[in-house]
Amino acid sequence: MVFANLTFLFFFLPAVLCIYYAFPSRQVRNLILTLSSLIFYAWGEPIWVCLLIFSAIWDYFNGLWIARFINRPKLAKLGLLSSLSVNLGLLATFKYADFIVSTVNVLTGLDFRAPGILLPIGISFYTFQTISYTVDVYRGEVKAQRSLLNFMLYVVCFHQLVAGPIVRYAHVAREIEHRVFSASDFTYGISRFCQGLFKKVFIANIAGELAQNFLGKPAGEVSMLGEWFGLLMFAVQIYFDFSGYSDMAIGLGRMFGFHYHENFNYPYMSRSITDFWRRWHISLGSFFRDYVYIPLGGNRKNATRNIIIVWSLTGLWHGASWNFVIWGLYFGIILLIEKGGLLRILSKMPIAVQHTYALLLIIIGWDVFFFTDTGRLWDSLVVLTGFSSQPFYDFEVISAASSNIVWFTLATLSATPLPLRIYEKVCECGKFGIKQWIIPTTNLSLLAVSTTLLVGKTYNPFIYFRF
Amino acid sequence: MPADIAVKFSQRTHILVFVGTLITGGLLFLLTPKESISTDEKRSLAHFPVWSWQAVAKGEYFKSIDEYVSDNFIFRYSLTEISGYLRSYRGIAHEGIEVFSGNPKEASKSRPQEPTIVPPVVTSDRPVLNQETTPSPQMNRLAEHDGVVSPKASPTVSEERGIATTDVPNTAATSSMSAPDPKVSETEPYQNIESIIVYQGRAVQMVGAPNSSLQALSKVINTYQQELGAKVRVYFMPIPIGSDFYLPQRLKRGNETESRLIQHMFGLLGSEVIKVRTYEKLAERKAEYIYFNTDHHWTGLGAYYAYQAFAEAAQFSAMPLPSFEKGSIRNFLGTLYQRTMSPALKKTGDTVDYYKVPFSTKVKYFQNGKSDGVPGLLYAEFARGGAAYGVFLGGDYPLMQVISPVGSGRKILVIKDSYGNAFVPYLAGHYDEVYVVDYRYYNGSIRSLIKKYEIGEVLFAHNSYVMVAPYTAQRARSFF
Chain A
1 MVFANLTFLF FFLPAVLCIY YAFPSRQVRN LILTLSSLIF YAWGEPIWVC LLIFSAIWDY
61 FNGLWIARFI NRPKLAKLGL LSSLSVNLGL LATFKYADFI VSTVNVLTGL DFRAPGILLP
121 IGISFYTFQT ISYTVDVYRG EVKAQRSLLN FMLYVVCFHQ LVAGPIVRYA HVAREIEHRV
181 FSASDFTYGI SRFCQGLFKK VFIANIAGEL AQNFLGKPAG EVSMLGEWFG LLMFAVQIYF
241 DFSGYSDMAI GLGRMFGFHY HENFNYPYMS RSITDFWRRW HISLGSFFRD YVYIPLGGNR
301 KNATRNIIIV WSLTGLWHGA SWNFVIWGLY FGIILLIEKG GLLRILSKMP IAVQHTYALL
361 LIIIGWDVFF FTDTGRLWDS LVVLTGFSSQ PFYDFEVISA ASSNIVWFTL ATLSATPLPL
421 RIYEKVCECG KFGIKQWIIP TTNLSLLAVS TTLLVGKTYN PFIYFRF
Chain B
1 MPADIAVKFS QRTHILVFVG TLITGGLLFL LTPKESISTD EKRSLAHFPV WSWQAVAKGE
61 YFKSIDEYVS DNFIFRYSLT EISGYLRSYR GIAHEGIEVF SGNPKEASKS RPQEPTIVPP
121 VVTSDRPVLN QETTPSPQMN RLAEHDGVVS PKASPTVSEE RGIATTDVPN TAATSSMSAP
181 DPKVSETEPY QNIESIIVYQ GRAVQMVGAP NSSLQALSKV INTYQQELGA KVRVYFMPIP
241 IGSDFYLPQR LKRGNETESR LIQHMFGLLG SEVIKVRTYE KLAERKAEYI YFNTDHHWTG
301 LGAYYAYQAF AEAAQFSAMP LPSFEKGSIR NFLGTLYQRT MSPALKKTGD TVDYYKVPFS
361 TKVKYFQNGK SDGVPGLLYA EFARGGAAYG VFLGGDYPLM QVISPVGSGR KILVIKDSYG
421 NAFVPYLAGH YDEVYVVDYR YYNGSIRSLI KKYEIGEVLF AHNSYVMVAP YTAQRARSFF
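Order-wise, the sequence lines are chains A and B.
One point on numbering: in my numbering, the residue at position 217 of the first sequence is 217, and numbering is uninterrupted.
One point on numbering: in my numbering, the residue at position 128 of the second sequence is 128, and numbering is uninterrupted.
No lab work stands behind these hints, which were simulated from the structure alone.
Idealized CB from N, CA, C, for every residue including glycine.
Certain hints may be false.
Residues from chain A that keep clear of chain B, each with C-beta distances beyond 12 Å, as calculated [to be verified]:
id : residue
1  : Thr-7
2  : Pro-14
3  : Thr-103
4  : Phe-112
5  : Met-255
6  : Arg-279
7  : Asn-299
8  : Trp-317
9  : Trp-322
10 : Val-325
11 : Ser-347
12 : Leu-359
13 : Ala-401
14 : Thr-451
15 : Leu-453
16 : Leu-454
Covered stretches of chain A (chain B as the covering partner; in silico rule of three or more C-beta atoms under 8 Å from a C-beta of chain B) [to be verified]:
id : stretch
17 : 43 to 49
18 : 184 to 190
19 : 404 to 411
20 : 442 to 448
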């Protein structure tokens with residue numbers, strides 16, 4: 001199931017909330033949340049829900065094993081290896097098998113048949129969560145969870161199950177066992193959820209359609225401005241889609257008493273690529289930092305090698321295709337250059353230059369990200385740089401830009417902290433009464449517009465489901 | 001009230017209002033009656049799925065529930081209209097032109113259905129209806145309510161819009177389909193095939209297809225002509241959908257796509273195939289009300305001019321327009337409005353005018369595999385609302401027979417898509433018997449039909465989308 005879906009909004013969510021709050025016992029609530037999460041997952045993935053359960057149980061036992069032998073490093077390591085090999089094995093089989101086979105075929109000239117396994121939803125997220133858990137237990141940073149139910153809840157909780165953020169066990173360990181209901185948390189959760197829903201439905205979906213209209217065509221049919229426009233729309237789509245989803249996850253968490261960490265911090269406001277990666281998909285960046293980069297030696301030993309490895313992996317995590325690896329490496333190289341002195345030079349430049357520099361590189365990155373077909377990617381780069389015979393602009397792009405100008409202005413503003421700041425100011429100003437009315441009214445309006453658009457359009461794919 | 005209690009109270013109210021809204025939405029959905037067919041969208045709505053482990057394992061069961069919920073959601077139509085309004089406020093239409101680019105994913109997901117009006121007379125023991133008969137009370141009742149019933153068994157392929165990738169359902173009508181022609185279906189995708197442009201209150205569909213997409217159909221028509229021999233005259237009547245007529249040059253970039261396609265088609269057809277010059281006739285009359293503003297069809301008037309062009313080709317003189325009795329159905333909002341929900345289109349709206357032949361005819365339609373005809377109508381005058389185009393012939397049937405008292409000694413078979421519906425009634429003024437085959441639904445054999453009824457003329461009447469779609473040729477081959 002997805003959040004921006006009428007079944008979820010009008011049946012699943014209210015039902016789970018009512019049943020959940022009907023029972024005061026935390027254990028019963030954990031059970032309700034776990035079972036409903038499994039239903040949520042099985043709704044879209046009725047077979048591979050077994051894989052999710054298997055993965056959770058496997059790492060539950062690995063955690064216990066590691067904790068038990070924490071003073072006998074060799075035995076403890078065995079538990080860690082078992083966790084790593086099974087989780088990475090699952091990823092290799094279910095996400096990368098076709099990619100590996102086709103790469104081997106290209107390299108060797110052989111002709112192995114690709115197994116054609118369909119990627120189970122959210123596998124990239126939950127395998128990373130369980131890996132982070134066993135590693136943390138091994139490092140002694142968290143205590144192993146003794147209750148299978150509580151551990152299952154950590155892995156399968158529907159708030160962040162299918163599209164992140166990647167929640168660390170340490171962040172929620174206490175709340176799994178001791179969380180309390182707070183009306184202010186709940187109302188904050190409603191606000192975050194409605195904002196996320198609106199970002200997804202009103203901004204990301206529309207941007208997605210527009211992007212597809214231009215980037216979905218052969219490069220020979222798109223003008224130079226058209227290709228830029230399509231790319232810009234994709235940049236809008238991917239940010240609002242993913243951050244909208246994270247907002248909804250964080251909001252849902254709050255409704256049930258969990259405090260997840262932020263996953264985005266206005267990434268398009270970055271002044272450098274280094275800055276961008278501190279603001280974009282924070283839970284993934286910190287995962288690679290803590291579990292790959294630092295163990296490899298971090299800054300201290302072979303920093304360049306480490307950066308290249310980490311960024312190839314980051315790219316590959318996003319999808320089983322070479323363009324994602326190129327995308328990761330692209331950022332890895334830029335980060336190295338920035339580290340090598342560019343950052344210092346940039347910081348002396350006017351702020352506008354810094355923003356332009358960062359945005360331009362980010363957007364070009366999205367071009368690499370968008371085209372899994374490297375042939376079309378190359379054509380696209382040729383069109384973007386004006387080296388093709390395509391016209392500079394045409395009717396299509398002028399028409400699309402003009403008929404979405406109001407929406408686009410709103411979307412652009414929403415990528416900055418400005419609207420929220422104004423909103424908070426408005427809420428705070430005046431007497432007590434205003435805030436108490438304005439917030440629920442805003443939330444209901446956001447919900448109403450989102451529902452209207454959801455009903456009006458069946459086009460509603462979550463692009464982050466590929467990961 | 002102390003401040004902290006007030007805060008608590010307002011927070012709890014906020015929670016109750018939010019959760020209450022969601023619950024109310026869900027409850028209203030459960031309590032309101034569900035439709036099985038959306039006449040506005042011309043498709044059947046999703047039903048609540050039947051439980052089976054197999055359906056669950058395939059993921060279809062839960063997906064179907066989602067579809068059921070979204071298809072039957074409360075205030076669905078109003079919400080869809082509101083989202084159309086919201087869309088129009090997203091910016092400013094450049095030069096008054098709004099472009100609605102279709103989404104292939106969405107198109108393949110939908111289950112479009114042509115509006116098929118089932119005349120309220122369905123029992124075969126009733127006498128054949130004279131088309132001038134006053135509608136029975138039953139008809140009126142149907143007209144008042146929705147006037148339209150789309151039979152579940154009818155095929156649900158939207159080849160009218162030329163999509164090569166529709167998920168062809170396993171219906172009897174399509175099971176005999178032959179393998180797709182790889183030359184045209186895979187390698188040469190259509191451009192702009194689903195684009196709709198709204199300009200000056202009119203929705204215009206864009207046809208985009210390479211000349212090579214005409215190979216398949218022209219080959220089949222040539223085969224018909226050769227194999228039927230000199231005794232049967234074969235006509236081809238292309239029906240432009242208006243792509244060339246109503247858009248500013250800048251937008252078309254000088255491409256008269258339909259003109260190009262039709263010219264090329266004529267070149268591919270053998271010299272023995274008689275070509276009907278509809279394009280020129282309609283181009284001359286484009287300032288008149290020959291296409292609907294909000295629907296993908298032409299009007300009865302447009303079809304009348306095509307009839308004039310056909311009269312020249314078939315060598316009879318067309319009856320003047322005033323000799324027909326005119327009827328009108330107002331407040332028609334057609335498929336292109338439903339697809340775009342454009343407020344500009346709603347403002348223009350449409351009226352379905354039909355021109356009745358001035359004498360009585362006997363009309364029967366036949367379901368596949370049944371030799372007993374069921375009384376039908378030349379004009380289903382009770383058609384209303386989004387299905388008003390169904391006034392012509394009452395919708396699409398695999399086979400229809402129109403018997404007319406003209407005594408010309410001529411009989412014709414028309415192989416058509418839904419554009420043909422508005423055209424066929426005029427033929428009743430010149431042919432003793434008119435047989436109408438809908439290429440999508442007919443499963444019999446054209447050869448034996450011609451033999452059985454001693455038909456001397458065969459007319460292929462296809463609009464541009466249908467002309468370029470590989471499916472058309474496949475069907476024509478399969479039922480020859």
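Each hint tested on the structure:
no.: 1; hint: Thr-7; verdict: 5 Å, violated
no.: 2; hint: Pro-14; verdict: 4 Å, violated
no.: 3; hint: Thr-103; verdict: 26 Å, holds
no.: 4; hint: Phe-112; verdict: 25 Å, holds
no.: 5; hint: Met-255; verdict: 9 Å, violated
no.: 6; hint: Arg-279; verdict: 28 Å, holds
no.: 7; hint: Asn-299; verdict: 45 Å, holds
no.: 8; hint: Trp-317; verdict: 25 Å, holds
no.: 9; hint: Trp-322; verdict: 25 Å, holds
no.: 10; hint: Val-325; verdict: 27 Å, holds
no.: 11; hint: Ser-347; verdict: 37 Å, holds
no.: 12; hint: Leu-359; verdict: 22 Å, holds
no.: 13; hint: Ala-401; verdict: 8 Å, violated
no.: 14; hint: Thr-451; verdict: 7 Å, violated
no.: 15; hint: Leu-453; verdict: 5 Å, violated
no.: 16; hint: Leu-454; verdict: 7 Å, violated
no.: 17; hint: 43 to 49; verdict: holds (count 5)
no.: 18; hint: 184 to 190; verdict: holds (count 4)
no.: 19; hint: 404 to 411; verdict: holds (count 5)
no.: 20; hint: 442 to 448; verdict: holds (count 3)
Of the numbered hints listed earlier, those contradicted by the structure are 1, 2, 5, 13, 14, 15 and 16.
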